[in-house]
Amino acid sequence: MSDAVAEKPKAITSRHDPRFEVTLYKYIGVENSHTLEFYQSHGGYESAKKAITSMKPVDVVEEMKKSGIRGRGGAGFPTGLKWSFMPPVDGRQRYIVCNADESEPGSCKDRYVLEDDPHQLIEGMIIAGYAISATKGVLYIRGEYYLGYERLYKAIQDAKAAGLLGKNLFGTDFEYEIILHRGAGAYICGEESALMNSFEGFRANPRLKPPFPAQAGVYSLPTTVNNVTSLASAVHIIGKGADWFSGMGTDDSKGFHHVQVSGPAKRRGVYEVPMGISYREIIFDLAGGPTEEVKAFIPGGSSCPMFPFTDQYLDMPMEYASVAKAGSMLGTGGIMLIPQNKCMVDALYNVVRFYAHESCGKCTPCREGVSTWLPSMYKKMLAGLGEKGDLELLEDVSSNIRGRSFCPLADACIMPVQASIKHFRPEYEYIIEHGKSMYPRQSRWAD
Amino acid sequence: MKVKVNDVELDLAPGTSAIDAVFAAGYDVPYFCSQEYMSPIGACRMCLAVVGAPRKERDGSWTMDEATGQPKIFYFPNPMATCTTAIMEGMVIDTLSDVTKKAQGGMMEMHLINHPLDCPTCDKGGACELQDRAYEYGSGHSRFIFDKRHNEKHHALSELITLDRERCIHCKRCVRYFEEVPGDEVLDFIERGGHTFIGTVEEGLPSNFSGNITDICPVGALLDTTSRFRGRNWEYDHTRSTSLDDASGSAITIDARTGRIERIKAALNTQVNKNWIDDGTRFGHEYAASSDRIKTPMLRKNGKLEPVTWEEATLFISEKLKKLSDNQLGIALRSDATLEEGVAAKSLAEYLKTGQIDHYPRYASSVISANPASFNDLATAGAIFVMADATEEVPMVDLRIKDALKGVTPPTLMAHGVPIADLRLKERMPRKTNILSVAAPYRVDLMKYAAHSMVYPTGTEVEVLKQIIDASTDAGKALKESLSAAEKAVIVLGAFVLNSAEASKLADDLAKATGAKVMKLGAMANSFGLESQDVLPAKADYSYPNMLSGSAKALIVSGLNPAQNAEVAQALLKLELLVVHDLFENETTALAHVVLPAKSGYEKEGTVVNLEGRYLNVNPAPVDGGQAVDFTGFVKELGDALNERLEGRSVRSARRLLKKSLELDLSELPLEGTIASAKAGKVAGLKTNTSGNALLVPSMVRSEYLNRNAHLFASTGGNALRLHPADAASHNLSAHDVISVSVGGFKRRLSVQPSESVPEGMMLLPALPDQPVGLVQLDLNSIKKEQVALEVA
Amino acid sequence: MVELETLKPFFAERQDVLNEILGRYPDYGRRSAVMPLLWEVQREERQVNEARIHEIAEILGIQPTEVKGVMSFYSTYHEHAIGKYHLQICSTLACSLAGSDEMYDFISEETGLVNGETDRQGLFSIQKVECLGSCTTAPVLQVNDTYYERVGKSRCQTLLEAFRRGEMPEPWRERYGDNEGAEKAKPLQNTIKTGGNA
Amino acid sequence: MSVFEIAKGMGVTLGHLFKKPVTVTYPEQPVDVKPRFRGRHHLLRHPDTNLEKCIGCSLCAAACPAYAIYVEAAENDPNNPTSAGERYASIYEINMLRCIFCGFCEEACPTGAIVLGHEFELADFKYQDFVYGKPDMLVGTKGSKWQRREAEKKGKDVKIGLKSGPRPELEGVDY
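Top line first, the protein sequences correspond to chains L, F, E and W.
The first sequence begins at 1 in my numbering and counts up one residue at a time.
The second sequence begins at 1 in my numbering and counts up one residue at a time.
The third sequence begins at 1 in my numbering and counts up one residue at a time.
The fourth sequence begins at 1 in my numbering and counts up one residue at a time.
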């Protein structure tokens with residue numbers, strides 16, 4: 001007690017830190033965790049109650065800002081700041097939209113929340129709705145997550161019946177309802193403006209910005225769009241305080257994140273980790289290490305440029321700034337390991353084919369470049385018909401697409417392509433020169 | 001706002017798009033998806049350019065560049081689509097840098113990878129934006145070695161429009177056009193990504209303005225079927241003219257080749273039709289190229305019409321005329337005759353000392369309003385009351401009303417013309433339907449877009465207007481209040497009101513009471529002009545219907561076919577002289593002593609006055625019409641035979657005359673025309689039927705020529721008899737039956753179209769110039785089925 | 001076409017479903033109901049044909065072309081009938097690294113169908129789809145609306161056999177991660193639901 | 001000038017006395033035409049399908065410096081097509097009096113449909129006989145209008161006064 005200011009405890013940046021506790025994912029996988037009884041008996045809806053009954057909307061936004069949480073959907077925009085962009089209340093209906101159209105290859109963190117802890121998300125949406133004075137929430141869930149849709153549907157009904165949704169929440173005059181909307185299989189709906197078009201019943205083409213959603217979003221009304229885990233995190237930030245949240249992570253990246261390890265790892269799965277954790281810890285300690293020799297890993301879903309599987313990158317802390325500095329993005333935290341004997345060109349063809357299939361067709365570089373030209377070039381190389389100059393052509397076409405498209409989908413396709421050429425150029429050169437992959441395809445199907 | 005484009009500094013209004021700044025500066029960027037009068041969407045990504053702007057510090061001062069002492073320009077990391085970028089203070093746009101060039105060239109290459117490059121067979125070749133831009137910005141060769149996307153070619157979207165899906169570059173102009181301009185969402189993208197194509201589920205693109213998509217398609221994906229393969233763009237003679245199909249005075253471009261009209265396209269008139277024309281105007285030109293046109297004068301000899309020279313024909317006429325005393329000759333022009341023709345007819349009438357001169361069809365009341373509304377008044381109105389079937393009478397009124405519903409004022413013209421990307425326009429803008437009220441005796445198209453619409457019993461216009469003026473009903477009161485309250489209110493009156501002098505008077509009273517401007521929809525292209533020039537009978541007894549029923553001993557009719565009515569035909573037989581000046585042989589030429597070849601509206605030179613009172617030039621397309629002349633030419637020929645130099649013997653002579661009275665030089669009108677004030681003529685009342693079981697309704701398609709317009713005929717199924725399904729059942733008629741029937745003495749051939757939008761007990765059929773809008777008795781006993789609709793097996 | 005026109009309106013007898021769906025959205029957002037309505041038709045009829053497109057357009061007061069444009073944008077609405085068991089094999093990278101290509105080959109061989117085909121009996125249809133969000137439990141086989149994760153060869157075989165018998169086995173859960181141990185892989189059961197979309 | 005030089009000159013003269021004469025007794029004898037000679041036009045067909053190569057694009061007419069070509073196009077009947085694709089020339093006319101045989105039309109043709117052949121005997125009597133239509137130029141038609149008229153009158157084959165193999169571009173043309 002000698003110092004006036006107690007030294008700030010060191011932030012948690014490792015799962016090995018005894019202070020770390022799994023919070024958001026605590027009940028995932030537990031039997032009946034998706035029911036209202038279970039949720040309420042484990043402290044559910046306390047945060048919402050706290051926020052609505054004892055805090056002003058501004059305070060909630062401030063608390064979120066203070067926590068330093070950044071959007072978990074991929075772009076990493078500070079959530080609190082986003083909420084504060086809403087125009088002053090002017091009598092117009094306002095919307096909070098939950099983007100549960102999780103379709104990025106390598107990501108499945110939201111699915112577990114939607115399926116196993118829907119009430120946590122509903123509570124997060126109530127808090128967010130309260131913070132931005134929106135009385136309507138839109139929950140856009142991708143069409144394939146039918147189990148999640150069923151459970152959310154039930155959860156919303158239950159919450160309504162229990163008075164947790166509807167009018168006069170927690171005895172106040174705050175009202176809130178959630179519109180559950182099911183997508184139908186389009187990756188582009190993960191883009192917020194495309195999602196809004198899709199919700200409104202239009203083709204899911206991205207919209208022109210400005211106006212931004214805060215000015216004219218759903219039905220041209222003020223709207224905020226957040227990812228599932230961003231909203232679910234709000235429950236804990238309000239419940240445990242912004243300081244608890246910012247007690248994890250680094251200066252640049254606060255709190256926890258959810259990483260999903262896929263590819264040849266011993267225990268591929270979803271893990272809640274503090275920000276600033278090293279990739280080595282995630283891959284080796286949590287996921288049990290690779291089952292075969294690995295040459296690269298994608299740090300945050302397929303749209304993020306890959307890193308070679310070297311110490312330099314493995315020891316890098318998982319935070320927005322460091323990853324960006326190394327030439328990639330934190331994305332959704334979908335870490336994918338690419339084994340040594342998987343042909344990189346083949347792997348990239350798979351990625352490119354995904355984006356080709358998901359391009360909405362609105363703008364030329366994406367429709368013609370991503371959706372037509374790139375897959376053709378990869379197919380040609382893989383068929384052993386590559387010619388001298390093809391790699392340069394691929395690079396040039398990529399550079400003509402990158403940064404030229406209407407929305408970031410084309411960039412999401414081009415960045416991994418460019419990264420793969422940068423790090424694994426010899427594999428491209430080999431396939432062009434020899435007409436066959438450096439690593440022939442082999443069966444990977446377990447019994 | 002100050003903007004710098006390359007080396008040119010400009011001062012432009014805030015909200016201007018960067019692409020317009022570039023064009024205003026005299027530089028060029030390629031673009032495909034932007035289109036005048038439509039929302040910019042940034043889909044084609046061709047207009048990319050390096051763009052930068054200075055930034056402000058927290059205290060509001062510019063962030064300075066230490067090296068130069070000027071505000072530092074922060075460039076966007078990627079080239080920006082200039083069409084969707086609004087200019088900012090101090091913005092710098094660089095369209096000449098290597099980055100810009102590479103971006104544009106790369107995009108051009110991608111546009112072409114799936115384009116079939118079948119320019120030699122493509123009708124757009126030579127006038128194709130993609131072709132032009134590929135020359136200017138393309139690299140000249142493609143690095144895309146794979147198979148191009150294959151898709152359906154020559155797919156008939158409707159009888160009038162052919163779609164080639166391979167050529168489509170997905171600029172979305174057509175899809176946006178339908179949503180934004182006429183508001184009929186009948187075309188959309190299907191599928192997604194590289195498989196996207198445009199298509200429709202509705203058969204035949206049910207829209208009255210579908211043809212405009214062929215104009216705005218930047219490639220040859222959407223083509224006008226009437227002109228398909230008729231010629232190449234460089235072979236056409238392009239003539240800018242004014243459409244004589246309705247009273248809007250829409251600007252058109254007539255494309256003719258080797259003496260034949262092959263295509264009509266919309267021309268730009270920012271004040272009238274903007275870039276658009278309706279389908280009736282666009283596709284209804286085929287009749288002019290029919291092979292059965294009258295090409296030489298003909299004289300009846302021994303009961304048979306024989307080709308003669310103009311001299312022989314006019315000599316015959318002049319001999320006959322000399323035997324007539326005053327006021328025995330009747331002269332009747334169709335209401336789409338030019339101002340010059342009207343003057344010629346008047347001067348001929350004066351010379352021949354007859355007061356029996358008229359134009360037809362016309363209404364019982366004047367079409368010249370005391371407080372006339374212009375199209376721009378209509379497009380910016382705060383309240384609109386339409387008492388007409390505006391879409392069919394003057395389609396452009398329909399389109400400009402939809403402008404008003406959007407609430408965006410017409411754009412200010414820039415140095416390069418209409419802004420290419422008007423950032424105020426957005427996709428799927430909400431429409432202020434509550435400013436529009438529509439009343440008509442049956443369900444009209446415009447009612448879809450009106451918050452308040454009313455279908456009143458046929459012939460009760462007077463009662464309806466009284467209700468509004470007296471505010472005796474809630475709806476009437478609300479309407480009157482909204483018209484009074486609106487800063488700018490416009491009342492649109494069509495044939496149903498103008499046909500009744502009483503209703504017309506009430507409507508004028510309503511306008512006066514509410515301070516609204518009035519737009520009166522003239523019956524035909526030059527109704528306004530001919531009335532303002534007093535091409536009207538000296539007294540009521542000399543009106544055209546009276547001429548036909550005996551007031552005239554001799555008759556010169558131009559463009560009219562009165563003998564369709566069997567009763568009138570009998571009366572015409574008694575005439576001492578019947579001169580018919582027309583395009584085709586018909587019931588009246590069969591009785592005529594002299595038949596003279598007339599010019600179609602595409603071949604005439606002259607002036608028309610549209611419903612705003614706007615003087616617009618009609619220019620002749622080089623068309624082979626044989627010895628056809630317009631009415632001024634007839635006056636000249638007749639004058640020669642009479643040894644007289646009559647006024648109005650040529651367009652120039654008529655214009656000299658008009659210059660004096662109008663103080664307007666009609667040979668030097670600006671392209672968008674000139675509005676001059678006009679006073680209503682002394683309209684001698686026409687008797688109109690007040691009873692009948694059928695209503696003749698206006699039609700945007702010229703019913704009299706429909707059977708010569710093969711494509712339009714196929715698209716509309718011919719002139720339709722529309723009736724309520726219950727009535728159809730009781731008359732034992734079914735859809736698509738083709739019947740011949742006597743309608744008020746006119747033998748009509750009609751195809752049956754049952755429709756819920758028609759009130760029970762009333763049948764609707766299109767009016768003819770000689771059987772204009774109004775009630776009529778359809779003889780149910782005379783119905784003969786010529787062709788029974790095929791049952792679908 | 002003639003056949004389609006004589007189809008009974010789909011929602012005529014399902015007014016409650018229709019009203020429930022329309023009731024979800026605000027009045028100014030009536031059009032939002034287009035996707036749920038399409039889902040409803042697709043669930044019952046395993047396809048959305050042109051007559052239904054017209055019907056939905058009528059309900060929502062929009063043009064059929066618009067409905068078609070929206071419907072065709074999404075990959076899970078089908079113009080032609082899919083099988084009773086619509087086998088969707090995720091083929092994106094994570095699943096591909098776990099052998100989904102081989103799984104596709106296997107299923108294709110077993111059913112005699114290729115991507116996009118439906119067999120004549122209407123039992124199976126197969127479709128290669130993009131990422132299903134089951135990357136950590138790859139490879140995944142989605143049958144109608146049900147996920148079967150970590151589908152090895154023997155599991156795949158057992159599943160196909162069950163489908164042929166008209167059974168829809170309960171999906172098992174086998175996940176690692178923070179939820180590890182909370183539930184164990186359950187054995188494949190050959191009971192529970194039969195047929196149709198879940 | 002010496003005698004020797006005169007003798008040298010005479011030698012040249014004498015030498016020619018014994019050479020084969022270059023004069024050809026045309027029209028009894030056919031003349032030799034150089035491969036690149038540009039004579040009357042041929043409209044070619046695709047040899048395998050027998051469809052006309054001409055698609056009626058009018059580019060030849062656009063390229064023609066003498067305005068000698070007139071083309072009118074129409075849409076193919078899909079069941080009985082005249083040319084490959086959707087468009088064919090319903091009217092194709094060349095006015096041989098206006099034509100300057102520059103070959104620009106051949107260069108402009110995107111499908112290689114029009115090729116200038118070797119026939120040069122185009123003399124005739126009436127103006128309208130110089131306007132050659134499609135039947136006069138399509139591959140398989142031999143000779144000028146006059147020659148064909150003459151041959152028909154006499155019931156003989158058309159005889160054209162030239163001997164030379166056609167250029168490779170003249171696919172299917174037989175001299």
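Among the clues, some could well be false.
30 Å max Cα-Cα, derived DSS-like pairs, lysine-lysine [unchecked claim]:
id	chain 1	residue 1	chain 2	residue 2
1	F	Lys153	L	Lys136
2	E	Lys8	L	Lys436
3	L	Lys436	L	Lys295
4	L	Lys295	E	Lys8
5	L	Lys379	F	Lys148
6	F	Lys153	W	Lys153
7	F	Lys2	L	Lys422
8	L	Lys379	E	Lys153
9	L	Lys209	L	Lys26
10	L	Lys380	F	Lys2
11	F	Lys402	F	Lys448
12	F	Lys2	L	Lys209
13	F	Lys488	L	Lys209
14	F	Lys295	F	Lys4
To give a feel for the contact side, a few chain E residues facing chain L, derived at Cβ under 7 Å [as the list claims (entries may be wrong)]:
id	residue
15	Phe10
16	Phe11
17	Leu22
18	Arg31
19	Tyr77
20	Gly99
21	Asp105
22	Ser108
23	Gly112
24	Lys128
25	Glu130
26	Ser134
27	Thr158
28	Trp172
No lab work stands behind these hints, which were simulated from the structure alone.
Just so you know, even glycine gets a beta-carbon here, dropped at the ideal spot from N, CA and C.
Each hint tested on the structure:
no., hint, verdict
1, Lys153/F <-> Lys136/L, "47 Å, violated"
2, Lys8/E <-> Lys436/L, "56 Å, violated"
3, Lys436/L <-> Lys295/L, "19 Å, holds"
4, Lys295/L <-> Lys8/E, "59 Å, violated"
5, Lys379/L <-> Lys148/F, "15 Å, holds"
6, Lys153/F <-> Lys153/W, "48 Å, violated"
7, Lys2/F <-> Lys422/L, "42 Å, violated"
8, Lys379/L <-> Lys153/E, "28 Å, holds"
9, Lys209/L <-> Lys26/L, "38 Å, violated"
10, Lys380/L <-> Lys2/F, "50 Å, violated"
11, Lys402/F <-> Lys448/F, "11 Å, holds"
12, Lys2/F <-> Lys209/L, "23 Å, holds"
13, Lys488/F <-> Lys209/L, "33 Å, violated"
14, Lys295/F <-> Lys4/F, "60 Å, violated"
15, Phe10, "18 Å, violated"
16, Phe11, "16 Å, violated"
17, Leu22, "12 Å, violated"
18, Arg31, "4 Å, holds"
19, Tyr77, "6 Å, holds"
20, Gly99, "3 Å, holds"
21, Asp105, "9 Å, violated"
22, Ser108, "13 Å, violated"
23, Gly112, "20 Å, violated"
24, Lys128, "9 Å, violated"
25, Glu130, "5 Å, holds"
26, Ser134, "6 Å, holds"
27, Thr158, "12 Å, violated"
28, Trp172, "13 Å, violated"
In terms of the numbered hints stated before, the structure departs from hints 1, 2, 4, 6, 7, 9, 10, 13, 14, 15, 16, 17, 21, 22, 23, 24, 27, 28, listed from lowest to highest.
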